[in-house]
Amino acid sequence: MKKQDNSYEIGKRRYGTDSIVKALGCADFLADIKLPQMLYGKILRSPLPHAQILNMDTSKAEQLPGVKAVITAKDTPGIRFRTYFDVPGNKLALENEKVRFVGDEIAAVAAIDEEIALEALDLIRVDYKELPAVYDPEEAMRPGAPQIHAEAANNISYYIKREFGSVEEGFKDSDYIFENRFETSAVSHGFLETVGCIAQFDLSSNLTVWLSTQNPFHLRRQLAYIANIPEARIKVKGLHIGGGFGGKTAMLPLEPICIFLARKSGKPVKIINTREEQLSTGRIRYPMTIELKTGVKKDGRLVARQARVITDNGAYDNKGASITTQGTCERFIQLYRVPNIQFEIHVVFTNKQWGDSFRGRGAPQGIFAIESQMDIIAEGLRMDPAELRLKNVNLPGEINPAGNRITSCALRECIEKVVAESGWKEKRGKRNNRGIGMACVIHTGGGAALYGRGNFSAALIRADQDGTFHLITGETDIGQGTNIMLSQIVAEVLRVPIERIKVAKADTDSMLPSLGTWGSRITYTAGNAVLAAARDLRQQLFWLASEMLGENIEKLDANEGKIFVRGQEGEKSVSVTETISEGIGKKGIPLMGKGYFEDKNVIPRDPRTGCGNPYPTWHFGCQAAEVEVDPETGKVAIVNLVAAHDLGRAINPMGAEGQIEGAVMQGTGCALFEELKWEKGRIVNPNFRDYKMPTFSDIFPIKTILVESEDPDGPFGAKGIGEAGIVPTTTAIVNAIYDAVGVRITSLPITPEKIFSALRRKACTQK
Amino acid sequence: MIQARLRINSETYDIPIEPQETLLDVLREKLGLTGTKKGCETGECGACTVLIDGKAFNSCLVLAATVQGREILTIEGIGRAEKLHPLQAAFIERGAIQCGFCTPGMIITAKSLVDEGQERSREEILESMSGNLCRCTGYIKIIEAIMSVIEKTK
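Going line by line, the protein sequences match chains E and L. Numbering follows our numbering, with no gaps: position 260 of the first sequence is 260. For our numbering, count along the second sequence from 1 and bump the result up by 767.
Mixed in with the good hints, there may be bad ones.
[Stated by the list, open to error] Estimated spans, in silico, between C-beta atoms of each pair: (1) L:Pro853 with E:Asn559: 44 to 50 Å; (2) E:His470 with L:Asn776: 55 to 61 Å; (3) E:Asn96 with L:Arg889: 24 to 30 Å; (4) E:Asn206 with L:Ser777: 40 to 46 Å; (5) L:Arg847 with E:Glu421: 24 to 30 Å; (6) L:Ser777 with E:Asn559: 45 to 51 Å; (7) E:Asp122 with L:Gly884: 48 to 54 Å.
Worth flagging that the hints you see were computed from the coordinates, not collected in a lab. The beta carbon of each residue, even a glycine, is placed where N, CA and C say it ideally should be.
From just these sequences and the hints, can you work out the full model?
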């Protein structure tokens with residue numbers, strides 16, 4: 001689609017919808033909601049990493065004045081779930097036989113205030129028989145390791161081996177082979193708003209659930225399944241969300257627990273995680289160990305990639321299998337052109353927090369391996385790392401060995417822009433404690449057709465008589481700015497001021513079915529649905545206006561809230577507001593634009609071969625970080641970072657920058673400061689003092705370059721941007737450190753201790 | 768129970784409170800002033816920042832009973848839709864607000880710096896703000912918003 005020179009809204013810098021109420025402090029988040037007679041819920045969690053529950057006595061807790069309900073597993077339907085699916089899994093909302101990590105939910109209390117609820121928890125007596133625990137996935141796989149789930153031999157939750165082409169032939173054909181091992185760390189999403197839930201049954205047993213969720217419809221389905229309530233009787237109300245980053249897409253045990261407490265007590269119940277609970281029991285980014293073997297020709301062409309990945313699943317199943325396969329390992333096929341790929345995955349149970357999707361959905365781990373190794377290869381071949389990447393760069397129109405099709409692709413331009421803007425050539429190779437390193441990203445630009453579903457979105461736009469428009473979708477703005485971006489699309493098509501577009505709040509009773517906010521899918525899928533709805537409404541308005549003006553509809557155009565005969569804007573025009581009045585007021589017809597998008601190009605993944613094309617489009621990017629390393633302490637300071645991202649078209653450049661800047665800082669935190677630490681299965685740093693997220697003192701100049709490849713199928717050429725910014729940051733920093741001081745850190749996080757030790761070792765071996 | 772008298776946003780409130788209740792909980796639970804957020808309850812994230820006699824405090828670490836008679840300012844008291852505080856306007860215009868959870872605390876802390884009127888370098892301002900965490904924006908547009916107001920106030 002050609003870039004419009006006469007864009008009305010597309011490309012304008014816009015602040016997010018609801019920025020004003022957020023600045024005023026009156027945006028309602030979950031914790032702000034208070035209902036009459038509301039009770040406060042608290043969850044009793046296992047203090048042991050692995051134990052049998054022999055006996056539980058809740059009688060004293062039940063007798064405490066102010067306690068209105070105490071529940072254990074017997075107060076629930078006992079359905080084992082897998083969170084992201086309404087299919088059987090291995091987690092109960094409240095465990096009754098065994099606990100498998102410190103934090104595992106076993107009972108809950110609802111009381112008239114939090115203090116009484118906490119006191120009641122202390123009165124619940126639990127007798128455990130402690131079992132040996134295992135924390136390392138490789139240890140957990142060995143014979144004789146403690147068995148965490150009866151049905152999972154060797155604690156293996158999932159195993160798969162896939163090959164595309166032949167790596168054996170590929171390695172034979174290679175001039176050089178590189179083998180390296182990489183380890184990623186356990187990090188927390190770190191959203192400022194912890195998770196929680198409010199549940200209320202009305203007198204006819206209809207359930208309303210307030211949630212901070214990226215996925216209201218999906219949650220409704222899951223809650224219906226777990227709580228054994230018909231979906232039609234459940235209403236999920238979304239509120240403003242204080243950050244999601246993938247950690248609020250799937251059901252958390254806290255949510256059905258809240259429902260069971262509400263049912264038993266007959267009153268609304270609110271449960272909110274404390275920060276300590278969030279960091280010590282919340283789900284985490286899946287830590288992985290990746291062994292990557294890559295064969296190359298001496299001119300730098302990649303020939304074969306073979307990967308062995310071990311994923312630390314934690315105590316229960318969530319998305320370990322899908323994230324490792326699709327998010328991590330498919331990147332071995334997708335990033336750069338590689339004809340032969342093989343990956344082998346073990347997803348392994350351990351007695352620790354279970355994992356979840358986390359911005360990038362497995363790609364940060366995969367890219368850490370790929371992009372670290374590309375620099376190792378570049379050094380081996382005595383090539384500029386940028387040149388090596390350009391040698392193997394993805395090109396538009398290509399289909400990779402797994403059948404994924406690339407449509408728009410400006411990866412080459414991203415790399416070249418980063419080289420040009422970062423001072424790459426001048427800064428590289430000095431080894432004077434200052435260095436520059438790069439890493440690239442390929443990421444989903446429009447979500448995917450996963451889990452047996454299609455990839456779709458729907459939108460309705462209602463015109464109101466005051467000339468405003470009410471946009472109803474199924475999608476959720478989690479703060480990243482999708483509401484304003486979708487409003488810009490409406491304003492662009494209808495040619496009305498953006499202030500006239502209002503976006504409906506999430507509510508499963510009145511919004512449209514949706515797949516949720518993940519996979520960087522909203523711009524592309526919802527954007528296309530909204531575009532279709534806006535065009536539909538525009539036709540209806542034009543039809544009315546043509547009658548009002550007595551002119552042929554083909555002659556009409558719109559601008560600045562008016563519809564007019566082209567070339568006669570002054571004389572023959574009506575306002576949009578008048579037109580709506582004509583329709584609704586005079587003729588009594590509702591003016592509703594309807595739009596639907598479905599990715600018609602989906603080729604479902606063949607379960608035998610792993611081939612298919614569930615992804616409509618790809619986002620590409622490149623980042624270069626410049627760092628300074630203090631050799632005396634190993635401390636790393638980031639001097640600046642240049643990020644070039646191909647997002648197809650920047651509908652809202654300010655929003656896109658905000659996504660990249662936020663993602664880069666989050667990636668920096670994951671790279672340098674953040675690590676959840678366990679001792680005997682217990683997280684020992686569940687607070688912001690010891691789990692260190694970046695602060696104002698850590699910022700550095702970030703130059704964002706928005707590259708517009710103009711996707712042929714994206715709305716106005718646009719693709720997603722929400723996640724891609726975090727994917728290459730860590731590895732750009734790692735590569736920059738190598739350029740600065742010649743040590744390569746292959747396990748995250750990059751601590752000063754690791755750099756200092758590596759420098760000492762290097763100095764010793766050099767002697 | 769203590770019968771407390773609190774001055775919040777230039778209004779006087781006579782309310783019964785427990786001696787161990789934090790100012791944060793009194794604001795949110797007793798007075799319905801939910802603009803001030805609870806992010807960690809241990810003074811590490813700044814989401815609960817309020818001004819007490821013009822100085823920024825983590826209200827999760829302040830016992831409400833001890834600040835009777837002091838002038839407390841929360842996010843609800845610094846601007847209205849028809850008349851935004853310059854910091855609120857700057858945060859909005861410059862895209863410094865994404866999820867908005869950290870925003871009240873950010874604006875309150877920034878206000879204390881702006882009102883102080885002291886000559887501060889950018890590094891000093893960054894350090895003064897470093898008690899307010901944000902996970903969404905990466906801080907870049909927030910510091911730009913704050914600096915723009917400080918520049919204008921000079």
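Evaluated hints:
1. L:Pro853 with E:Asn559: 44 to 50 Å: Given about 33 Å between the Cβ atoms, the range is violated.
2. E:His470 with L:Asn776: 55 to 61 Å: violated, 33 Å
3. E:Asn96 with L:Arg889: 24 to 30 Å: Violated, at about 57 Å.
4. E:Asn206 with L:Ser777: 40 to 46 Å: Since E:Asn206 and L:Ser777 have Cβ atoms about 43 Å apart, the given range 40 to 46 Å holds.
5. L:Arg847 with E:Glu421: 24 to 30 Å: violated, 43 Å
6. L:Ser777 with E:Asn559: 45 to 51 Å: With a Cβ separation near 46 Å, L:Ser777 and E:Asn559 satisfy 45 to 51 Å, so the hint holds.
7. E:Asp122 with L:Gly884: 48 to 54 Å: The hinted range 48 to 54 Å holds for E:Asp122 and L:Gly884, with Cβ atoms some 50 Å apart.
Comparing the model with each earlier hint shows violations of hints 1, 2, 3, 5; every other hint is respected.
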